[in-house]
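In case you want the letters, here they are:
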Amino acid sequence: SQQGEEDPQALSIQEGENATMNCSYKTSINNLQWYRQNSGRGLVHLILIRSNEREKHSGRLRVTLDTSKKSSSLLITASRAADTASYFCATDEGDYKLSFGAGTTVTVRA
Amino acid sequence: GAGVSQSPSNKVTEKGKDVELRCDPISGHTALYWYRQSLGQGLEFLIYFQGNSAPDKSGLPSDRFSAERTGGSVSTLTIQRTQQEDSAVYLCASSLVLTGRDGYTFGSGTRLTVV
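Residue numbers (the working numbering), protein chains in the order written: chain A, 1 to 110; chain B, 111 to 225.
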């Protein structure tokens, strides 16, 4: 079953702008992960944030986690055409399998 | 290997036929997962293997689906008597740590089309 829900479903931005997407989930988690998928094929792991962390950075990515609101956000700064992809949040509830949301499709216009 | 390898990359089959999808995980990764992704949707968990433990089959949608993992390495997902609703991309992933705390590594998937 899907635990995470991403918002918005789709996002279109100009190259150089920032892209922000949100993920809400229902139950307590050990960690939350963000993945990128190009062209409907394999997913690439971007970043993992643990339940006791509030913010994490990796290059142009910034992830926040608010466990009281059961939500997370992914910010991509200074977007590039290569960032065009679908982005998924996935939650680890401690039962060794990740639950994925339906994703946010990001289009970066040149 | 350097990554998770899945084969075939594409498979078109007639309704009612059986299909086998293969996944070769990263060497040394003890955990292996199968997910299914229908068009424009998120990932649906199917089955999980960890070492020599009994697999978690709780996500398999029907008894037409089965999977095995030989020697703790290569896994095969078998779908018997395929139906059109089985059409999807089947993704395999592996991880080093039991709960995937360091993230999963996904293969490129097998796109299954049942006609």
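Everything labelled a hint here was simulated from the structure, so no lab data went into it. Note that the structure is predicted; figures quoted are calculated from it, not measured. Think of the CB as a built atom: it goes at the ideal place given N, C-alpha and C, for glycine as much as any other residue. Mixed in with the good hints there might be a few duds.
[Said to hold, decoys possible] Chain B stretches covered by chain A per the calculated footprint, using a threshold of three residues with CB under 8 Å from any CB of chain A: (1) 158-167; (2) 213-219.
[Unchecked claim] Result set (SDA-like, lysine to any residue): computed pairs, CA atoms no more than 20 Å apart in a straight line: (3) A:Lys26 <-> B:Gln151; (4) A:Lys26 <-> B:Glu154; (5) A:Lys70 <-> A:Glu15.
Evaluation of the provided hints:
1. 158-167: holds (count 3)
2. 213-219: It holds, with 7 qualifying residues against the three required.
3. A:Lys26 <-> B:Gln151: holds, 19 Å
4. A:Lys26 <-> B:Glu154: holds, 17 Å
5. A:Lys70 <-> A:Glu15: Not satisfied, since the Cα-Cα distance of roughly 30 Å exceeds 20 Å.
Hint compliance for this structure: hint 5 is the single one not met.
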